[in-house]
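Student: Starting from the structure of chain W, add chain H with the ligands where the hints point.
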Amino acid sequence: MATATVIFAGIAIVLAILLIVSSHYLSTTENEVIDKIESLLPRIQCAQCGYPGCRPYAAAIVTDKADINLCPPGGNETVRRLAKFLGSDFSPVTKYSTTANLNEIAFISEELCIGCNLCLRACPVDAIVGTHQSMHTVISDHCTGCRLCIPPCPVDCISLVSRNA
Amino acid sequence: MLKYPLFQSFYGGVHLESHKNTSNHKQIARDFLPSRLIIPMNQQFGSDAIPSVKVGQLIQKGEVIGKPAEKNTTAVHASCSGRVGAIEKHPVPTAGKVSTSTCVIIETNDENNIAAQKPPLFKNHLDKLTAINHAGIVGLGGAAFPTAEKLNRKSSHCEMLILNGAECEPYISCDDLLMQEHATEVLRGALAMMEIVGAELTVVVIEKDKPKAIEAISNAIETIGSKCIRLTDIPTMYPTGGERQLVEALTGKEVPSGKYPIDVGCICQNVGTAYALDCFFQLGEPLINRIVTVTGQGVKNPQNVAVPIGAPIVELIKFCGGYDGEVSQLILGGNMMGYTVDTDQLPVTKSTNCIITTKKATTPKPFEIWPCIRCGECIPVCPVRLLPQQILKAYENKNFEELGKLGLSECIECGCCDVVCPSHIPLVENFRKAKHLRMQEIKSSELSNAAQKRYELKTQRLSSQHANTEKLHADLKESIKESSKNDMIKAAVERSKKRRDKK
Ligand code: SF4
Ligand code: SF4
Ligand code: SF4
Ligand code: SF4
Chain W
1194 MATATVIFAG
1204 IAIVLAILLI
1214 VSSHYLSTTE
1224 NEVIDKIESL
1234 LPRIQCAQCG
1244 YPGCRPYAAA
1254 IVTDKADINL
1264 CPPGGNETVR
1274 RLAKFLGSDF
1284 SPVTKYSTTA
1294 NLNEIAFISE
1304 ELCIGCNLCL
1314 RACPVDAIVG
1324 THQSMHTVIS
1334 DHCTGCRLCI
1344 PPCPVDCISL
1354 VSRNA
Chain H
9 MLKYPLFQSF
19 YGGVHLESHK
29 NTSNHKQIAR
39 DFLPSRLIIP
49 MNQQFGSDAI
59 PSVKVGQLIQ
69 KGEVIGKPAE
79 KNTTAVHASC
89 SGRVGAIEKH
99 PVPTAGKVST
109 STCVIIETND
119 ENNIAAQKPP
129 LFKNHLDKLT
139 AINHAGIVGL
149 GGAAFPTAEK
159 LNRKSSHCEM
169 LILNGAECEP
179 YISCDDLLMQ
189 EHATEVLRGA
199 LAMMEIVGAE
209 LTVVVIEKDK
219 PKAIEAISNA
229 IETIGSKCIR
239 LTDIPTMYPT
249 GGERQLVEAL
259 TGKEVPSGKY
269 PIDVGCICQN
279 VGTAYALDCF
289 FQLGEPLINR
299 IVTVTGQGVK
309 NPQNVAVPIG
319 APIVELIKFC
329 GGYDGEVSQL
339 ILGGNMMGYT
349 VDTDQLPVTK
359 STNCIITTKK
369 ATTPKPFEIW
379 PCIRCGECIP
389 VCPVRLLPQQ
399 ILKAYENKNF
409 EELGKLGLSE
419 CIECGCCDVV
429 CPSHIPLVEN
439 FRKAKHLRMQ
449 EIKSSELSNA
459 AQKRYELKTQ
469 RLSSQHANTE
479 KLHADLKESI
489 KESSKNDMIK
499 AAVERSKKRR
509 DKK
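Protein chains in written order, with this note's numbering: chain W, 1194 to 1358; chain H, 9 to 511.
Below, a list of computed lysine-lysine pairs in the BS3-like style, where the Cα atoms sit at most 30 Å apart: (1) K79/H to K267/H; (2) K1229/W to K461/H; (3) K406/H to K1229/W; (4) K1229/W to K466/H; (5) K413/H to K441/H; (6) K1229/W to K413/H; (7) K326/H to K28/H; (8) K466/H to K1288/W.
To give a feel for the contact side, a few chain H residues facing chain W, derived at Cβ under 8 Å: (9) S452; (10) L455; (11) S456; (12) A458; (13) A459; (14) Q460; (15) R462; (16) Y463; (17) K466.
Bear in mind the hints are in silico, worked out from the structure with no lab data behind them. Owing to the predicted nature of the structure, the values given are computational and were not obtained by experimental measurement. Just so it is clear, CB atoms sit at the ideal spot from N, CA and C, and this is done for glycine as well.
So that you can see chain W by itself, here it is in the shape it has in the complex (with noise of 0.2 Å):
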């Protein structure tokens, strides 16, 4: 009885002992928790989830326990991917008026632009080419469609066109 209270207790140490070695070694951080819901999500830096981009979405639910249903592009199919991934439960992705998406692409009309520089600013990739006082235009590879850079523009030269167009 005693040697075999004295075997597991010595069993049960060692394992203990493993196990918090082994969680100290495969621990991810945040980060790396961040990292991976980003890599889930479209990418398309969109903001309407309500977050400035996506990096910041990934990690407002990690750190705020914000809503994993919240954007838009990504649709259910993200939702289910993250809900897979947390371990939480699956909801229907919120509506959004006009979902982002990355079959689209912006197109600057070229006369009617007056080089307001405004749309540069808004892009969150880096998309547009321009300067001052001088015609902007897109680089459509770079484009996501994310539409941004449509509300700032004061003569409303910019409109979606298809990617493949």
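Tutor: Frame of chain W, contents of chain H with the ligands only:
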């Protein structure tokens, strides 16, 4: 005549019910002249040819109407004489789907003498390959890969030229008829190819269900009397006609994924291509015709027809007696690897080897689809050694990483798994969708990664700019404070000094 021994069969595959006798009892019809031609400028590989004729111009059969845009693509020729009616966009069947391409529309007339041609003379090897490209010769087995390119793949030594007359698709009989009627020309073309690639041996492969073609070819081998041509009849098994399957069946060597048959010392060419090459070498005729099997329940006189490239399918069907009753489906290519199109206003291209019409009245109702029961039937039949069941599961879960690992892109869409699945799951249809989705996913994840990088860079830049400005402000304030303090003190000291001096 010497036979080439068969190594064994290839891995996987299925036996299919043959429908060849619907179309193989008649000779090839050679008098089909459409009233209009829609000749596509797009190529299955490489960029489109550039139209070199003007609207209204009179052209002769065999004249070049599209110049190759790049070095390794082929020219396009007028397949009948006539007048250029228009140069416009038109739907064209291309690589498994219908897409639009610039086409030269020719209203044909019946002066159908080919523009005077002579057998071409070549200065050297390279010259010959360029000439083959200029004659518009591509693989006629269905893929339409430029023949000169394939003959020029010199990554390793070619020991054996495999002349593919297997024709394993159950409905197609165009190669069968071609071998029966033009065995000598086919072999002569093969000898020319063999010379180009420097092989010592040509093996003609024919499935056992074509005894007449086998006889014709073996007679022709006797008459030519060449020791380097051998004939092998192989068991009827789908898809023996696949390049990789043929190589495996003949040599026992598996062509590794991402490699070509030439990497194990073989080159495969279709018998139709050999015939086209012979026509060019003997008569100087470019590739302007191909033999098309028109078959199925829905057409009155199913048969093989020599069709000028660009002939509208609707006219071809009319030539074969027209539709018989209401047609429910029009399939381009075989029933296994082909695809359904929803209009007959498309042109015949160099890759159209067969047109199947199915009759509404005799088409059985499709089977009900059941969930996968994990029976594993689909696994041993896959000639690429994939796990169709697992691929299906990964596709349903949208697990793209898994799809990549399972080798989805290796699937040749042969449809063997479809045939054996007891749940009648349309696996290939799902796999095609999966391939498409996966490509989209890869593309958009590349975009997203780039966007993430650029966003990071912009945020960093803004925050460092912000920090710089802050620091600048702080420093200024500090210096203002410093300087004004000292000045104020000095001024006060001065004032008090003055006051003292006055007293
Ligand atoms: S809503 Fe836009 S910014 Fe927010 S996570 Fe989704 S893609 Fe990123
Ligand atoms: S160009 Fe406009 S739509 Fe495109 S990424 Fe920049 S802000 Fe978004
Ligand atoms: S269709 Fe693809 S998965 Fe199915 S048997 Fe053919 S190669 Fe294998
Ligand atoms: S044959 Fe059909 S039912 Fe059987 S394992 Fe394959 S997919 Fe599932």
